[in-house]
Amino acid sequence: DSGVTQTPKHLITATGQRVTLRCSPRSGDLSVYWYQQSLDQGLQFLIQYYNGEERAKGNILERFSAQQFPDLHSELNLSSLELGDSALYFCASSVGNQGAFSGYTFGSGTRLTVV
Amino acid sequence: GDSVTQMEGPVTLSEEAFLTINCTYTATGYPSLFWYVQYPGEGLQLLLKATKADDKGSNKGFEATYRKETTSFHLEKGSVQVSDSAVYFCALKTSYDKVIFGPGTSLSVIP
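If you read the sequences in order, they're chains G and S.
Per my numbering, residue 1 is the first one in the first sequence, and the count goes up by one each step.
Per my numbering, residue 116 is the first one in the second sequence, and the count goes up by one each step.
Possibly wrong hints are sitting among the right ones.
[As the list claims (entries may be wrong)] Capping the alpha-carbon separation at 27 Å, the derived lysine-lysine pairs in BS3-like fashion look like this:
1) S:LYS192 with G:LYS57
2) S:LYS192 with S:LYS171
3) G:LYS57 with S:LYS171
4) G:LYS57 with G:LYS9
5) S:LYS171 with S:LYS183
6) S:LYS192 with S:LYS167
Since the hints were made in silico from the structure, they are not lab data.
Bear in mind the structure is a predicted one, so any value in this text is a computation, not a measurement.
Please take these sequences and the hints and turn them into a complete structure.
Take a look at the structure:
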């Protein structure tokens, strides 16, 4: 157990629907990162939050949004889902935003299947 | 721009064979370098890291040396086991705090 908790582990939904993925970071970590992993695109950075504020954006579609709550858990919202959104979505956390960086701690991911 | 290149897989080795997975990078400044491992059905785990030139990261029998002159961070292990079968990702953290992952190299170790 890495200490980063992601729910649900699996999600099957229809095109056009909206889903919410949840992540609880490791205790003491203030930064949360969302990644999308697919066979053709590899591991793609989506977005980072630090202590409740958005800090960096990657290849995140406008149909996707995220937030980090006061208790530091984060949610990734995916709407108007398309077949191509089917992927593994990983959350990672780290202690700080800048300065000393010892690497990410990843959760075990949410496998999203859009049918 | 900043990038990470890894040798293409899949790599298939017999148990106790020597492993090398090549990783080269392009980055401005002085990045930190990492290897992550992803076992089937799991998230990525940090395997080892190096933060400056000539540093050697090591963990679980794996080693990698930060070579600034060749912009490389090759992963090595002297004797692989079946339990090492996984996907290995090389990654760098740039001077402006962006983390970039390579495409991953799948390793399969057969008894």
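Hint check results:
no.	hint	verdict
1	S:LYS192 with G:LYS57	violated (36 Å)
2	S:LYS192 with S:LYS171	holds (13 Å)
3	G:LYS57 with S:LYS171	violated (31 Å)
4	G:LYS57 with G:LYS9	holds (24 Å)
5	S:LYS171 with S:LYS183	holds (12 Å)
6	S:LYS192 with S:LYS167	holds (21 Å)
Going through the hint list in order, the structure does not satisfy hints 1, 3.
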